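S.K.: Using the sequences provided together with the hints, build the complete structure.
From first to last, the protein sequence lines stand for chains A and B.
Per numbering that gives the first Met the number 0, residue 0 is the first one in the first sequence, and the count goes up by one each step.
Per numbering that gives the first Met the number 0, residue 0 is the first one in the second sequence, and the count goes up by one each step.
Calculated directly from the structure, the hints in this document are not laboratory data.
From a predicted model like this one, the values you see are computed outputs, not experimental measurements.
Incorrect hints may appear among the rest.
Put simply, identical chains are the same to the list, so a pair is met inside one copy or across any two.
Okay, derived cross-link-like pairs now, SDA-like style, lysine to any residue, Cα gap no bigger than 25 Å in a straight line [to be verified]:
| no. | residue 1 | residue 2 |
| --- | --- | --- |
| 1 | K197 | I317 |
| 2 | K406 | E386 |
| 3 | K158 | E221 |
| 4 | K158 | R168 |
Residues per chain, in single letters:
There are 2 protein chains.
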Amino acid sequence: MDNDEFRRQAHELVDWMADYLATLEERPVKSRVEPGSIAEMLPEAGPESGEDMNDVFADFREIILPGMTHWQHPMFMAYFPANSSYPSVLAEMLTATLGAQCMSWETSPAAAELEGRVVSWLRDWLGLPDDFEGVIQDTASTATLCALLSARERATGFKINEQGFEGRRFAIYCSTEAHSSIEKDVRIAGFGSSALRKIPVDDDFAMRPRALAECIEADRAEGVTPLCVIAALGTTSSTAIDPIDAIGEICREQDVWLHVDAAYAGTALLLPEFRWMLGSGESVDSFVVNPHKWMATNFDCTAYYVRDAESLVRTFDIQPEYLRTRVDTQVRNYRDWGIQLGRRFRALKLWFVMRSFGRSGLQAMIRRHIEYGQWLVDTIDNHPSFERLAPAPLNCVCFRWLPANTKDEAAIERANRKLLSQIQDDGRLYITHTRLAGRYALRLVPGQTRVERGHVEAAWALIEETARDLAAA
Amino acid sequence: MDNDEFRRQAHELVDWMADYLATLEERPVKSRVEPGSIAEMLPEAGPESGEDMNDVFADFREIILPGMTHWQHPMFMAYFPANSSYPSVLAEMLTATLGAQCMSWETSPAAAELEGRVVSWLRDWLGLPDDFEGVIQDTASTATLCALLSARERATGFKINEQGFEGRRFAIYCSTEAHSSIEKDVRIAGFGSSALRKIPVDDDFAMRPRALAECIEADRAEGVTPLCVIAALGTTSSTAIDPIDAIGEICREQDVWLHVDAAYAGTALLLPEFRWMLGSGESVDSFVVNPHKWMATNFDCTAYYVRDAESLVRTFDIQPEYLRTRVDTQVRNYRDWGIQLGRRFRALKLWFVMRSFGRSGLQAMIRRHIEYGQWLVDTIDNHPSFERLAPAPLNCVCFRWLPANTKDEAAIERANRKLLSQIQDDGRLYITHTRLAGRYALRLVPGQTRVERGHVEAAWALIEETARDLAAA
Numbered sequence: 000m001d002n003d004e005f006r007r008q009a010h011e012l013v014d015w016m017a018d019y020l021a022t023l024e025e026r027p028v029k030s031r032v033e034p035g036s037i038a039e040m041l042p043e044a045g046p047e048s049g050e051d052m053n054d055v056f057a058d059f060r061e062i063i064l065p066g067m068t069h070w071q072h073p074m075f076m077a078y079f080p081a082n083s084s085y086p087s088v089l090a091e092m093l094t095a096t097l098g099a100q101c102m103s104w105e106t107s108p109a110a111a112e113l114e115g116r117v118v119s120w121l122r123d124w125l126g127l128p129d130d131f132e133g134v135i136q137d138t139a140s141t142a143t144l145c146a147l148l149s150a151r152e153r154a155t156g157f158k159i160n161e162q163g164f165e166g167r168r169f170a171i172y173c174s175t176e177a178h179s180s181i182e183k184d185v186r187i188a189g190f191g192s193s194a195l196r197k198i199p200v201d202d203d204f205a206m207r208p209r210a211l212a213e214c215i216e217a218d219r220a221e222g223v224t225p226l227c228v229i230a231a232l233g234t235t236s237s238t239a240i241d242p243i244d245a246i247g248e249i250c251r252e253q254d255v256w257l258h259v260d261a262a263y264a265g266t267a268l269l270l271p272e273f274r275w276m277l278g279s280g281e282s283v284d285s286f287v288v289n290p291h292k293w294m295a296t297n298f299d300c301t302a303y304y305v306r307d308a309e310s311l312v313r314t315f316d317i318q319p320e321y322l323r324t325r326v327d328t329q330v331r332n333y334r335d336w337g338i339q340l341g342r343r344f345r346a347l348k349l350w351f352v353m354r355s356f357g358r359s360g361l362q363a364m365i366r367r368h369i370e371y372g373q374w375l376v377d378t379i380d381n382h383p384s385f386e387r388l389a390p391a392p393l394n395c396v397c398f399r400w401l402p403a404n405t406k407d408e409a410a411i412e413r414a415n416r417k418l419l420s421q422i423q424d425d426g427r428l429y430i431t432h433t434r435l436a437g438r439y440a441l442r443l444v445p446g447q448t449r450v451e452r453g454h455v456e457a458a459w460a461l462i463e464e465t466a467r468d469l470a471a472a
Numbered sequence: 000m001d002n003d004e005f006r007r008q009a010h011e012l013v014d015w016m017a018d019y020l021a022t023l024e025e026r027p028v029k030s031r032v033e034p035g036s037i038a039e040m041l042p043e044a045g046p047e048s049g050e051d052m053n054d055v056f057a058d059f060r061e062i063i064l065p066g067m068t069h070w071q072h073p074m075f076m077a078y079f080p081a082n083s084s085y086p087s088v089l090a091e092m093l094t095a096t097l098g099a100q101c102m103s104w105e106t107s108p109a110a111a112e113l114e115g116r117v118v119s120w121l122r123d124w125l126g127l128p129d130d131f132e133g134v135i136q137d138t139a140s141t142a143t144l145c146a147l148l149s150a151r152e153r154a155t156g157f158k159i160n161e162q163g164f165e166g167r168r169f170a171i172y173c174s175t176e177a178h179s180s181i182e183k184d185v186r187i188a189g190f191g192s193s194a195l196r197k198i199p200v201d202d203d204f205a206m207r208p209r210a211l212a213e214c215i216e217a218d219r220a221e222g223v224t225p226l227c228v229i230a231a232l233g234t235t236s237s238t239a240i241d242p243i244d245a246i247g248e249i250c251r252e253q254d255v256w257l258h259v260d261a262a263y264a265g266t267a268l269l270l271p272e273f274r275w276m277l278g279s280g281e282s283v284d285s286f287v288v289n290p291h292k293w294m295a296t297n298f299d300c301t302a303y304y305v306r307d308a309e310s311l312v313r314t315f316d317i318q319p320e321y322l323r324t325r326v327d328t329q330v331r332n333y334r335d336w337g338i339q340l341g342r343r344f345r346a347l348k349l350w351f352v353m354r355s356f357g358r359s360g361l362q363a364m365i366r367r368h369i370e371y372g373q374w375l376v377d378t379i380d381n382h383p384s385f386e387r388l389a390p391a392p393l394n395c396v397c398f399r400w401l402p403a404n405t406k407d408e409a410a411i412e413r414a415n416r417k418l419l420s421q422i423q424d425d426g427r428l429y430i431t432h433t434r435l436a437g438r439y440a441l442r443l444v445p446g447q448t449r450v451e452r453g454h455v456e457a458a459w460a461l462i463e464e465t466a467r468d469l470a471a472a
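M.R.: Put into C-alpha cells, the structure is as follows:
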C-alpha cells in the first residue's frame with residue numbers, strides 16, 4: 000500500500016467510523032453469535048500473497064463486526080464501561096501514526112514530558128495530595144501489582160528483589176469484595192493466595208476497619224509481617240467505598256502500605272461533592288484510577304500515583320548498557336515506573352480528552368451519569384417487584400427481581416438468571432450480574448459516554464417488561 | 000464535539016497523517032529538544048472549560064511534534080524498531096473506534112476468535128511446532144514473566160500460587176547477553192536476582208550449552224531446583240542466536256522449562272533460510288515474538304506461544320462471580336492467558352498486516368532488511384578505520400571506529416562516544432550503542448518498514464564523514 004492508497008482508504012474509514020458511531024444504536028449492543036461461528040468464517044491459513052485492502056475491510060464489516068459487542072453503545076451497561084470519546088479516537092489516530100515507543104525520555108521526549116503534565120493535571124482535578132507523582136500504565140491489574148511490589152521491596156530493604164523470599168511471612172489485606180486482580184497480583188508477586196486476608200465487610204459492603212485492625216494484630220502476634228492494605232474506592236460488584244481515612248489510620252500506626260484501588264469510581268473525585276470518598280488521603284501510599292473506564296479515554300489508560308516515587312523506581316530500575324542515554328540523570332525514564340519496558344504514547348489521548356472536555360465538561364458528564372444511577376435507585380426502591388441489593392453511591396445499581404409468590408432464595412435466583420439470559424439474548428441492552436451477600440444480583444451501570452436519560456428509561460422498561468413476560472409465561 | 004465535527008476533524012487528521020508519513024524524511028529522526036523544554040510550554044493546570052479541537056491539534060503540531068523522536072522514520076536505526084505500516088494504522092483507527100475491551104469471549108466474540116486465528120497463522124508462518132497455542136500480549140517483558148510464572152507453578156504443583164515461597168530454592172538461566180527484562184521478571188516473580196544464573200557466552204555471544212549443563216548440575220548438587228532456561232533467539236546487543244536444540248536437549252534431560260525470547264529476530268523465521276535459528280523447536284515450552292518490532296504491526300503486539308496452555312491458564316485463572324458468563328466452558332477467555340484482565344483488540348492490526356502484506360510481502364521486506372545488514376557487514380569489514388565487534392546474522396550490526404594512532408582501549412571508547420554523540424545531535428540518523436565483551440560498540444539496525452538501500456548508504460556515509468571530521472578536528 001502506498002501513501003495515496005493509504006490516504007484514500009483512511010478517508011473512507013473515517014466516514015465509516017463517523018457513521019458507525021452515529022448509528023451505533025441501530026446495532027444490538029451485545030453480539031449474539033454462537034461460539035466458534037466467527038472462527039469458522041476465517042481461513043485456517045494466512046494468505047501467501049498480499050490482498051486488496053478493500054477485501055480486508057469488507058471482511059471486517061461482514062465477518063468481524065457482527066461478532067463484536069459494542070462497548071461504545073449507549074445501552075452498554077455491563078461490567079464497568081471502557082469509554083472512548085471523539086477527541087480520544089482522534090488522539091489514537093495520531094498515536095498510531097507516530098508509532099513512538101515511549102520507554103525512555105530520549106526515545107520520545109515530548110511523550111515523557113506530556114505524560115508528566117497530564118498526570119499532574121489529573122491529580123489536581125481529582126483532589127489527590129499534591130506530593131503524589133504519577134505515571135500512565137496499561138491497567139489497574141498491573142498498577143496494583145506495582146503497589147504490591149513496591150511495598151514488598153520497601154519493607155525488606157529491597158532484599159526480595161535481590162535474594163528472593165527467605166522464610167519471612169507477609170500478609171496483604173483487602174475486603175471480601177475486592178477485585179479478583181488483587182489475588183492474581185498476590186500470586187504473581189510470590190506471596191501466595193494464603194497471604195491474602197479477605198476482611199469482612201459491613202452491610203454496605205465496605206471493609207470493616209475494626210476487623211482489619213484485629214487481623215493485622217493477629218498476624219503480628221504470629222510473626223507475620225503486615226505488608227499492604229488494598230482499599231477499594233468503589234468495589235467491582237457494587238462500588239462500595241471502603242473507609243479510607245479509618246483504614247489509613249490503622250496503616251499509619253502499623254506501618255503498612257496503603258494502596259487505593261479507585262479504578263472506576265475514582266473518576267467521581269472530579270466532583271467536589273464526592274471528595275468524601277477519599278477522605279484526607281493523607282495516609283495513602285498509592286492510588287490507581289482508570290481514565291479508560293469512566294473518563295472518555297480509550298482503553299488502555301491507567302493513572303497510577305505514588306507518594307514515594309523513589310521506592311517505585313528502585314523496585315524496577317535496571318540499567319543495561321544498551322538502554323543508557325546521556326540524559327538519564329536529568330529526566331524521567333518511565334520504563335522504570337512499571338512492569339513493561341515498551342510503552343505506547345498514552346498521554347496524548349488523555350491530553351486530548353482533558354483539553355477538549357475541560358474539567359467542567361467531564362464533571363457535567365459524570366454528574367449526569369450519577370443522576371441516572373439515582374433515578375434507577377428511586378425507581379427500583381419504589382417498585383413492588385424489584386429489590387435493591389446494595390447501596391448505590393454513584394451509578395452502579397445492583398438489584399433483583401422478586402417474582403410474585405416466590406419466596407425461596409433458590410427460586411428467586413433461577414428467575415433472575417432467566418431474566419438476565421433473556422435480556423442478554425435480546426441484544427438491546429447489555430447488563431451483567433454479580434453476587435452480594437450470597438445473593439445473585441443483576442448489575443446495571445449507566446456510565447457510557449453517550450448514554451442519555453432516555454436510554455436508562457428504555458433499559459428499565461425492557462427489564463420490567465421482560466420480567467412481566469416471564470411471570471406471565 | 001459532535002459527530003459532524005468529529006468527521007471533519009478526522010478527515011483533516013487523515014490528511015495530516017498521510018502528509019506526515021510521506022514527508023517523514025524532512026524531519027530530524029531524533030528530537031533535539033533539551034530536557035524540560037516541552038514541559039515548560041505546557042500549562043501547569045488543566046483547562047476548566049473545554050477547548051477547541053483546532054487549538055489542541057495546533058499545540059500537538061507546534062509543541063509536541065518537535066519533541067518527538069520519529070520511530071517510523073527510515074533513518075531510525077536505533078534499538079530494535081517498533082514498526083508500523085499503512086494497514087496497521089488503518090486497523091488501529093478501527094480498534095480505537097470500536098473501543099472494545101477484550102477480556103472475555105463474551106465481551107467481544109469476534110476479537111477472541113480472530114485472535115485465535117491470527118496467532119495460529121503466525122505460528123505456521125514462523126514454522127513453530129503446530130501443538131503450540133498462542134495469545135497476543137502487550138510486550139515481551141510480560142510474556143517472559145508469564146513463562147516464568149507458568150514454570151514456577153507447574154514445577155510446584157501450583158503451590159506457590161497458593162502458599163507462596165516456602166524455602167525451596169530455584170534457579171533460572173539465561174546468557175550474560177540476555178535482555179534486562181528477564182532480571183526484572185525474575186525479581187517480580189519473587190525469585191530474586193540471585194536466582195538468575197548468567198551463563199557465559201562463546202565468541203559469537205551465544206550461550207555455551209556445556210556451561211549451562213554444568214551450572215544446572217551444580218545447582219542440583221546444592222539442592223537448588225533448576226526451573227527455567229531463557230534462550231535468546233537474537234540477543235538485544237547483537238542478535239546472537241543461542242543454540243536452541245542443544246539447550247533444549249539439556250532442558251529435556253533435566254526437566255527444565257525452556258522459554259525462547261525471539262522478540263525481535265523471531266520475525267526472520269518467516270524465511271525458510273533462517274529456520275536453522277530455532278532448530279527443531281521440539282524441546283521448547285514457550286516462545287515469544289513481537290510483531291510490533293519487525294513485522295510492521297503497531298506497538299503493542301506480542302505473540303506468546305506455549306505448548307502446555309493448560310499450565311498457563313491454570314497459573315492465572317481466577318473466576319469471580321461478576322466475570323462469569325454462560326459460555327465459559329465452550330470458549331477461550333484470554334484474560335486467563337496473561338497478567339492483565341483488560342485487553343485491547345490487538346488481533347485486528349495483525350490481521351490487517353498479514354492479509355495486506357501476505358506471507359510473501361513480509362518475507363520480501365525482511366530479506367531486504369537482512370541484505371542491508373549484510374551490505375553493512377561487508378562495508379565495515381573492508382574499511383580500514385572501522386571494526387565489527389560481533390557476528391551479524393541478520394541486520395543488527397555492532398562495530399566501532401578505530402581512529403588512526405589510537406591503540407588504547409579507553410581512548411577508543413572516548414572517540415566512539417564522541418562519534419555517537421555527534422551523530423545523535425545531528426538528527427539525520429538515530430543509532431545507539433551497547434557493550435560487547437567489555438567493548439563500547441555502536442549499533443545500527445536498518446529494519447524500519449520504510450528503509451531503503453539509499454538510507455543505509457546515507458547512514459554509513461554520515462558515520463564515516465563524522466568520524467573523518469572528528470579525526471581532522
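S.K.: Now look at each hint and say whether the structure bears it out.
M.R.: Against the structure, the hints:
Taking CA atoms no more than 25 Å apart as the test, K197 paired with I317 passes between copies only; the shortest distance there is 15 Å, against 34 Å inside one copy. Taking the shortest alpha-carbon separations for K406 and E386, only the intra-copy value of 13 Å comes in at or below 25 Å, while the best inter-copy value is 85 Å. Taking the closest pair of Cα atoms, K158 and E221 come within 25 Å of each other both inside a single copy (22 Å) and across two copies (22 Å). Taking identical chains as interchangeable, the C-alpha atoms of K158 and R168 lie at most 25 Å apart whether they share a chain (14 Å) or sit on different chains (15 Å).
When held up to the earlier numbered hints, the structure conflicts with none and fits them all.
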